[in-house]
Amino acid sequence: MSPKQFLFEKRPQTDIERVTCLAFYATHYREMQHFKTLDLSKLNTEAAQIKLSNPNAAVDNAAQAGLLVQSGQGRKQISSLGEVYVQALPDRIAAKEAIAKARPRKLRVRAKASASKKR
Amino acid sequence: MTNEPNKQSRYRAPRLAIFNHKGGVGKTTLTVNLAFAIAEKGFKVLIVDSDPQCNLTSYLIEEAVVDDLLDNSDSDQGATIWSALKPIAEGTGETKVIPAIEVSTNLFILPGDIRLAEFESELAPLWNECFKRKLRGFRGTVALSALVNAVAEENGVDLVLYDSGPNIGPLNRIILLDCDHFIIPAACDAFSLRAIRTLGHALYEWVGDWQTIQELAPDNVYLLPGLPKLLGYVPQRFRVYASRPAAQFASFLPRIEKTVVEDVITVLARLNAVLVSSAAHPLKLAEIKDFSGQATAAQEEGVSLWTVRSGTPAQRADAQSDFQAFAAMVLRRIGVTKQ
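The listed protein sequences correspond, in order, to chains A and B. Mapped onto our numbering, the consecutive letters of the first sequence carry residue numbers 132 to 250. Mapped onto our numbering, the consecutive letters of the second sequence carry residue numbers 3 to 341.
With the rest of the complex left out, here is chain B:
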């Protein structure tokens, strides 16, 4: 494949990141179940496991197969994201297109790899080279986007979902800048509130820096869009009592919304109003309660929270209605419709 920046065009499928740099807020569980719900509606979804911990890959693929993928990712037959990006990271060539793995009907995955951390360490100098207008910098910075273009086009994908790792690093920076939209998952605790406060400011810097790079970029160079629009937030992992969030969690719900408005929407709007143009009312896209044992069983079985064998029929029905409503709202807001 060639990912010559000036020869690449962006594939039509919108890209959505579930992003919060705090760990344990339920990013992977939210991503995978949202993907299942959208796939059930008949849309083809590509999940990009861009977290070096590759939890999402091991959620959907058997452990022994994941181990095998990781053991062979350095070889010519490698089939993880690292296998594709290795030539860029090592400066030996172009991105190698790898096949996406179809994990169920309409659902594809680009398998993650622990060695993505090596690619991430290369991204910092590549980013600096963009400021120096060096083509190598642009080629490296857009490599993941170019890979997603090729894989999404090959499979006729309707939507791309990025699962990100819990940090504010160079890898998450290029993921967010490659996305058309992003959603903030938030746990109902004080640490999560704190993370949202810093998230808005990190995004402000990334988008601002990329605007400078775009201005410096040579003509006809393929660039990341650099305008991730906030869709909304999703409070998660709260216990329920009498069909409502339990008191100790309920108090956080209005505080999460207030923090998103003050520290994300207000900050991003200062930079560019387009960044918050999709954040319509209601800002809260869904409320996803703590499914605890059901979530663990779903990870083991590699299925959605509503097709897992564990839990009661009522719990499964709850999960299904929550995620189907969430998926419908996401599709409506990003404008994905059946052709």
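Here chain A stands alone, though its shape is the one from the complex:
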């Protein structure tokens, strides 16, 4: 499958989703476990997509969302959360549900819970 077909099937709607899809494609179709932003940009070009407005920011934001993770030497790799998210696409509701299940509980929630116990 070409990256163009893959993105056509997954229908990412934001730059973060697009880089995550491209990371998934790189991992499973190009056997690139670790990649740089440039590798994703090249795949984006190969997929005949419009330019990523800021590829570095998109990759950083995807990492912040837990969809990509650092893998040393300035490279990234797709996280298990990212894998689950892309697998569920293009069904956006299913993707959000999958990510909600897979994501660890937030510290803020724990803090609130411990505060209510003190009361």
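Please keep in mind that the hints were generated in silico from the structure rather than gathered at the bench. Possibly wrong hints are sitting among the right ones.
Below are the DSS-like pairs computed for lysine-lysine, each with C-alpha atoms no more than 27 Å apart in a straight line [unchecked claim]: (1) B:136 with B:98; (2) B:98 with A:135; (3) A:135 with B:43.
Only a predicted model underlies this, so the values are computations on that prediction, with no experimental measurement involved.
Fit chain B to the supplied structure of chain A, relying on the hints for placement.
The following block gives chain B in isolation, referenced to the frame of chain A:
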């Protein structure tokens, strides 16, 4: 690929150049948005970035990828126009076919390269060799045309658009001689008027010289058509006030038309009436106002002026209707129809 001049046939897609040797008249913006508009109508368009500044390439492709393309253009895996023409420029072999990059639906690009300037410096002696009937001269002069043939055929392209650099050099000469049609973009200022005056005379010399070369050429040699027909002109980059060009720009509009008629049409008609046979009424193909911030944002995003996120819906709708009407007129005049 072989680009043996006598074995090459010309691919069916018409070729159109947006040409004015003055810089800053909006050639690249006009080319890319015309290409988007034609591609949206369902025709496959190949844009050839033949400007060594490769602005069009960086308009459509991410900066990091462009840098990577340029860094590797000298290698065997090179994928820019220079990579394809390098064997000809260095006299080491034949043109190497490179794949066009599909940048969006129906839109392909042959990426430009700063090193096209090296190819251009070789074109001057190659041109002189054509006068001496040397095959090397013909092979070099038609190399870009042969590359476009191969790439256009591979992708089933319906129309080829050349984006040219702002000069009257040997590269632009072969581009114009390879084109079936050309359009003059003009800014609404005095320098642009001056450039149009010299443009007609430069074309007159190029076409005249090529006619001599054609007469001297050995039989069965693949040659550039050498008959670029003027389609019309497009005034650009003027401000609008109350839905009309602002006064300081409006005064230039009739002067541009007059200059095109007197210094391009009249001059070219003297050489060959075919050169102006497509320049029907109206000569002005479109009026493209200054989209300023919207144009800058479109460059950043690599999209058309009407799909850019910046600007108001009304501005985007303006851009879309202007370019769709322009595209329709261009297609009608060059006779490209859906099969």
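Going down the list of hints, with the structure as the test:
no.	hint	in the structure
1	B:136 with B:98	holds (21 Å)
2	B:98 with A:135	holds (25 Å)
3	A:135 with B:43	holds (21 Å)
The structure shown violates none of the earlier numbered hints.
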